[in-house]
Each structure stands twice: as C-alpha cells, then as structure tokens.
Amino acid sequence: DTGVSQDPRHKITKRGQNVTFRCDPISEHNRLYWYRQTLGQGPEFLTYFQNEAQLEKSRLLSDRFSAERPKGSFSTLEIQRTEQGDSAMYLCASSLERSTDTQYFGPGTRLTVL
Amino acid sequence: SQQGEEDPQALSIQEGENATMNCSYKTSINNLQWYRQNSGRGLVHLILIRSNEREKHSGRLRVTLDTSKKSSSLLITASRAADTASYFCATEGRGSTLGRLYFGRGTQLTVWP
Numbered sequence: 490d491t492g493v494s495q496d497p498r499h500k501i502t503k504r505g506q507n508v509t510f511r512c513d514p515i516s517e518h519n520r521l522y523w524y525r526q527t528l529g530q531g532p533e534f535l536t537y538f539q540n541e542a543q544l545e546k547s548r549l550l551s552d553r554f555s556a557e558r559p560k561g562s563f564s565t566l567e568i569q570r571t572e573q574g575d576s577a578m579y580l581c582a583s584s585l586e587r588s589t590d591t592q593y594f595g596p597g598t599r600l601t602v603l
Numbered sequence: 006s007q008q009g010e011e012d013p014q015a016l017s018i019q020e021g022e023n024a025t026m027n028c029s030y031k032t033s034i035n036n037l038q039w040y041r042q043n044s045g046r047g048l049v050h051l052i053l054i055r056s057n058e059r060e061k062h063s064g065r066l067r068v069t070l071d072t073s074k075k076s077s078s079l080l081i082t083a084s085r086a087a088d089t090a091s092y093f094c095a096t097e098g099r100g101s102t103l104g105r106l107y108f109g110r111g112t113q114l115t116v117w118p
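Protein chains in written order, with my numbering: chain L, 490 to 603; chain P, 6 to 118.
It is worth saying that the hints were derived from the structure and are not from the lab.
Just so you know, not all the hints are guaranteed correct.
[Stated by the list, open to error] Straight-line Cα separation of at most 30 Å, DSSO-like style, residue types lysine-lysine; simulated pairs:
1) L:K546 with L:K560
2) P:K61 with P:K74
3) P:K31 with L:K546
4) P:K75 with P:K61
5) P:K74 with P:K31
6) L:K546 with P:K75
[Stated by the list, open to error] Have a look at the derived ranges for each label pair, beta carbon to beta carbon:
7) L:G492 with P:A87: 13 to 23 Å
8) L:I515 with P:E58: 17 to 27 Å
9) L:G505 with P:K61: 45 to 55 Å
10) L:E557 with P:R46: 18 to 28 Å
11) L:R570 with P:S29: 31 to 41 Å
12) L:R504 with P:R65: 39 to 49 Å
13) P:S63 with L:R498: 25 to 35 Å
14) P:R55 with L:G505: 41 to 51 Å
15) L:R570 with P:S63: 38 to 48 Å
16) L:S547 with P:N43: 22 to 32 Å
17) P:S29 with L:R599: 24 to 34 Å
18) L:T502 with P:Q19: 39 to 49 Å
[As the list claims (entries may be wrong)] Where chain L lies over chain P, by a calculated footprint (3+ residues, C-beta under 8 Å):
19) 49-55
20) 105-117
Just so it is clear, the structure is predicted and the values come from calculations on it, not from any experiment.
We put the beta carbon where it would ideally sit given N, CA and C, even for glycine.
Let's have the full structure, built from the sequences with the hints guiding it.
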C-alpha cells in the first residue's frame, strides 16, 4: 500500500454512459498525476495538477475527459459518453513538489466499457 | 518520443538466478525510475537514479545508468518466485519542472520455483 487510494477499483459501464473516478493522494503531496494503461503497454500520461491547478493535459485527454482537484487534495477524473476504446486501467500518482521526487501510484481503476 | 523501451519483453528464469532487464531512451533526462507491477495492480516504485549518478543499489536490486548510451539496466540478484511481475522503466525529461514520466512497455519477468 503506497498511501494513494483510488475508487472504485473496477467499473463496468455501457457505451455512452458517464463515469467518474476518484483519487486520494498522500496527504502532504501537492502534485497529482493521472495516467492511463492499456493491456500490454506502459502507463501513458494524461494530466497533472499542482495543488488545485491543472498545469498540463495530454493530447490523449479528449474533450470527453475532465479532471478536477478542487481543494488541492483529492482529484476526480470524469469520462463522458464512454467508448469501448476508453477501456483501460486509470492510474493516479502523487509526489512532492520537486521534480526528482518519487511518484507513488495508487492501485488503479479498471474500466471496462461494453 | 521520450518513451523508454525495455528489453527483453519477456524473461523466464529459475529461482536463485539473476535477472537483468535493460531500458533505452531517446532524449536527455533528469532521472530514470524503475517500477514493478503485479498483474492487474498498481505500480510499485523500486528505485530512482539521477542523471549524474551511474549506479545505485537497493537490497537485491542494482541499477546502472549510462547517459552517453541513453540506457539503464536493472539487475535483480538471487531472484524469488515473488519477483514475478512486469518491470517498467520511466524517464523524466531534462529541464522538466512537472515530473511527467514516460514509460516503456515493460519486461514481463517470470521466476519459476
């Protein structure tokens, strides 16, 4: 257990539905990252927060995806109008502010879109 | 792309043997990190090596970094069945202030009892 928690751990939804995932980082960590991992691949960066500010978004994050970190603590990732191609493991990580600090990953939320 | 690439893609060994995995990357880096992932689980951080370091040890792990060749290796000594997992290298680009990591596809290590 790294101290980063994610909820839910598994989500099965039908195409076209909206889903929301939650990430609770390690409490003193002000950086929070979302990554997506598909089968047989390494994680791919989606977006990054420093405190409550979303500072970078990957081109992978289409306009159906939105992420928030309203109080600089937990974060949510919402996918609207899900597509089968959204099926993946969504991973959250947190770290302290220095760029050379370790990122600690949560257990992930596995999304299956039917 | 800054994405690292691990080699081999799969490695199968007996308990007690050493396992060596390699990682190559394309651009200058601040640091390189190795992570382990058990099937269907999150990533566990193993070790971070900075660009000005050449070798680091942590328990049964030994990591080397050759920035001139843009490559790194992870050695697991005296492997155990519990070491069975996927191993990923991840790089943080030089000059990055954001900590964004670029991962390879991983090496699947299987250690037979």
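Hint check results:
{"no.": "1", "hint": "L:K546 with L:K560", "result": "holds (19 Å)"}
{"no.": "2", "hint": "P:K61 with P:K74", "result": "holds (17 Å)"}
{"no.": "3", "hint": "P:K31 with L:K546", "result": "holds (22 Å)"}
{"no.": "4", "hint": "P:K75 with P:K61", "result": "holds (16 Å)"}
{"no.": "5", "hint": "P:K74 with P:K31", "result": "holds (9 Å)"}
{"no.": "6", "hint": "L:K546 with P:K75", "result": "holds (27 Å)"}
{"no.": "7", "hint": "L:G492 with P:A87: 13 to 23 Å", "result": "holds (22 Å)"}
{"no.": "8", "hint": "L:I515 with P:E58: 17 to 27 Å", "result": "holds (25 Å)"}
{"no.": "9", "hint": "L:G505 with P:K61: 45 to 55 Å", "result": "holds (48 Å)"}
{"no.": "10", "hint": "L:E557 with P:R46: 18 to 28 Å", "result": "holds (26 Å)"}
{"no.": "11", "hint": "L:R570 with P:S29: 31 to 41 Å", "result": "holds (38 Å)"}
{"no.": "12", "hint": "L:R504 with P:R65: 39 to 49 Å", "result": "holds (45 Å)"}
{"no.": "13", "hint": "P:S63 with L:R498: 25 to 35 Å", "result": "holds (29 Å)"}
{"no.": "14", "hint": "P:R55 with L:G505: 41 to 51 Å", "result": "holds (46 Å)"}
{"no.": "15", "hint": "L:R570 with P:S63: 38 to 48 Å", "result": "holds (44 Å)"}
{"no.": "16", "hint": "L:S547 with P:N43: 22 to 32 Å", "result": "holds (26 Å)"}
{"no.": "17", "hint": "P:S29 with L:R599: 24 to 34 Å", "result": "holds (30 Å)"}
{"no.": "18", "hint": "L:T502 with P:Q19: 39 to 49 Å", "result": "holds (43 Å)"}
{"no.": "19", "hint": "49-55", "result": "holds (count 4)"}
{"no.": "20", "hint": "105-117", "result": "holds (count 7)"}
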